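Student: Each chain is listed here by its residues.
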Amino acid sequence: MVLASSGLRYLVVHLPAFRLERCGYEANEVAALIAEQKNAMRLVALTPAARREGLVSGMTASAARALVPGVAIEALEPAAEHEDRCALVRTFTALSDRVGAPWADELVLEVSCTTHLFGGEHGIVRRARELCANLGHECRIALAADPVCAAALARHRDGDTVVQPGQARALMAPLPLSALRASLYLQESLRAVGVEDIGQYAHLDAASVAGRFGAEGVHLRRIARGQNPRDTDVGWGDHLDGRPTAKARLAGAETTLQLHFALPGLLAQLCRRLGEQDQAAVRIQVILRLENRGDIQQQRMVLPVRVGRATRNPATLERLIRSRLEDVRLEAPVDEMLITVCESATDNGWQPGLTDRTEATEPLPDLLARLADHLGDDAVHGVELVDAWRPEEAWRPRSWPPQNPHPPLPFTALGAIPAGIHSDDPVQVQDAWEPSAQRPRPALLLPRPEPIQVRVRGPQLHQVHLSQRGWVSVVRSRGPERMSGEWWAIERTWKRDYWVVEADGRIAWVYRDLHTGRWHLHGWF
Amino acid sequence: MGQTSAVSLEALRAQIRALEGGTPVHRRRASTGVQLIDDLVQGLPCPGIVEICGAPGSGRMQLALQLAAQVTGQRRAVAWVDPLRQLYPPAAADYGIDLDRLLVVRPPANGSHPEIWATEQLLRSGCFSLVISSLPGKKGARRAGGHQWARAAERGQCTGVVLSEYPVRDVPAEIRLQTGRGQVSVLRDRNGRSGHQRPLQDRPFQADPWS
Chain A
1 MVLASSGLRY
11 LVVHLPAFRL
21 ERCGYEANEV
31 AALIAEQKNA
41 MRLVALTPAA
51 RREGLVSGMT
61 ASAARALVPG
71 VAIEALEPAA
81 EHEDRCALVR
91 TFTALSDRVG
101 APWADELVLE
111 VSCTTHLFGG
121 EHGIVRRARE
131 LCANLGHECR
141 IALAADPVCA
151 AALARHRDGD
161 TVVQPGQARA
171 LMAPLPLSAL
181 RASLYLQESL
191 RAVGVEDIGQ
201 YAHLDAASVA
211 GRFGAEGVHL
221 RRIARGQNPR
231 DTDVGWGDHL
241 DGRPTAKARL
251 AGAETTLQLH
261 FALPGLLAQL
271 CRRLGEQDQA
281 AVRIQVILRL
291 ENRGDIQQQR
301 MVLPVRVGRA
311 TRNPATLERL
321 IRSRLEDVRL
331 EAPVDEMLIT
341 VCESATDNGW
351 QPGLTDRTEA
361 TEPLPDLLAR
371 LADHLGDDAV
381 HGVELVDAWR
391 PEEAWRPRSW
401 PPQNPHPPLP
411 FTALGAIPAG
421 IHSDDPVQVQ
431 DAWEPSAQRP
441 RPALLLPRPE
451 PIQVRVRGPQ
461 LHQVHLSQRG
471 WVSVVRSRGP
481 ERMSGEWWAI
491 ERTWKRDYWV
501 VEADGRIAWV
511 YRDLHTGRWH
521 LHGWF
Chain B
1001 MGQTSAVSLE
1011 ALRAQIRALE
1021 GGTPVHRRRA
1031 STGVQLIDDL
1041 VQGLPCPGIV
1051 EICGAPGSGR
1061 MQLALQLAAQ
1071 VTGQRRAVAW
1081 VDPLRQLYPP
1091 AAADYGIDLD
1101 RLLVVRPPAN
1111 GSHPEIWATE
1121 QLLRSGCFSL
1131 VISSLPGKKG
1141 ARRAGGHQWA
1151 RAAERGQCTG
1161 VVLSEYPVRD
1171 VPAEIRLQTG
1181 RGQVSVLRDR
1191 NGRSGHQRPL
1201 QDRPFQADPW
1211 S
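For the record, the sequence lines run as chains A and B. Mapping to our numbering: the first sequence position 469 is 469, numbers consecutive. Position in the second sequence (from 1) plus 1000 gives the number in our numbering.
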């Protein structure tokens, strides 16, 4: 089932001379950037004035000087240009939080949620022009339902263009094929059959285009006809073993930023479907189908996303997915993105608890889910004590927050009289005392005890050899505290004499293994 | 720096914030319940970042555990970022920390400093009153992203405590304490108490309850 378009609107700012303006040139100066390509220094960016003089990208620097002797040439500095482009993107976040720079001369903003703040689409276009003027950049702006359409109009039409529904096809018709950013193969193939502009391309038969030019041809034909290429298919029992799924075709998205643009529409449809069934997502998967290339082993990437607290809020899911995509490196352009609900639950709503902080900007379950997704399941946990004599086994991880919290200890300070103990039974009194009568344990326990050397003098420790400090004198020590256990298992039996040692201004926990006679550093206080 | 200069600087910062039109951030020092810290710097900033630097065994963990014990004793949650995997929970329980209110985060050691990211997420979330982060690393090492912690703590309205072996310049700490040789010193304090010093509690050598 194909649903209506997602209602997104894309504002594209075409900056014809940004790459030279950031170097101090103006659009009416004849200037170019060069970089090494194919063993020669070639033009990679031009001012409009340089183009009017006949210079083209790809021309060698020497050929450019021969054609236009007065051309100013600068070497491209990719890192500096990238920083300036990022700064430009940040500036335009004043208009929308969804800003990207997928192409060298354009910024793309998704503005469906912010247009009303600027008095409508013409208002936001005016504001964008003001921002460019403040930065000293020439620009042309277009606003349309598809970013490729908006970019084509911004690049090839004079002035600013706001495309109303139904106007896109007519406005794009006279533009050259290159405005669609089609591959060279597609452009040459179309020129070979006499197709020169977008209007002629839009008239071609759909089946013929699909048969001859594949997915790229179909995608670009939809754009040429003013149709939204990102119509989504959503339905229960659709794809992936009967799980609800939304998908979008992306025609070769090369960065994760481009994937962000597809998220709101996909998630809106998916969440609406969940709502119809009173369900909320617990676990979702983002599946990226990559362009079919022979040099990569996997044609798809599967990204599990934990939701934490079950939700069908599109904004929450979008935030979680965008966070998940931050660390993703695409091995190939993405042809299709699917979001599937792996596990759902009946949505009974959520009531904050009395101890939940009002300052919380994110529900705790969502935070824990994000941390576990990024760091691993084993990285986020609570702790509980274990009744074991071996110090390193005296605790273990557990889920957090705990389902069955332990009652608070009736005392807090070491050696304090247990509160609430009023029994005359000496055994009960002794049991209440025992947990508080444990000797202090180090705050830091090394994952692996570190072998050290110790010199003793009589019954006391005299010097300790620490790895970065050499031999240091022991100021004072206390011990030994003998610990042993598991005598019944030969391979696990152990016996150690522990000492608390102060040396070099620090307090350490060391032990002597009574089986081997060796000393080890086990922790720090 | 005298008290007058510190007050003037704070007033100047408030004026700059007002001119920039940002959301006013109310900085206050909250009593921690730990006598040593309250005497030394009159409480910790909330929101804000505090750094406690010192070699292992010098007493910095003692301060951090005491702070955590006070917070969990008030039925609030504490998050502890422990990339070196050295935090010993039985010792934490000895200090009176309610382990049910302690979340431990142990990021993997993959070279991209995930502890920086994890600490920022915990500070920003607002789910914890106190976030303690142990930073591994050598003297002078730079840690990209630490400058965002102050803003994250403001957003989450919580206090972040950074434990390090050496002072970390990238961390915008309002207070910087240093432990060593049984003392805790104030290296830096925006309220003008730099240079103050107090002795640490001699905890491991207290009277042995079994003697």
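FYI, nobody ran anything at the bench for these hints, they're computed from the structure. Predicted model, so just to flag it, every value in this text is computed and none were measured. Warning: the hint list may mix true and false statements.
To be verified - Chain A regions said to be covered by chain B (calculated; three or more residues, Cβ under 8 Å):
1) 8 to 14
2) 108 to 119
3) 137 to 149
4) 307 to 317
Stated by the list, open to error - Selected chain B positions facing chain A (Cβ under 7 Å, derived; list incomplete):
5) Gly1033
6) Gly1057
7) Tyr1088
8) Pro1089
9) Pro1090
10) Leu1099
11) Val1104
12) Val1105
13) Ser1125
14) Cys1127
15) Arg1181
16) Gln1183
17) Leu1187
For each residue, glycine too, the CB sits at the ideal point set by N, CA and C.
Student: Which hint numbers does the structure go against, in order from smallest to largest?
Tutor: 1, 2, 3, 4, 5, 16 and 17
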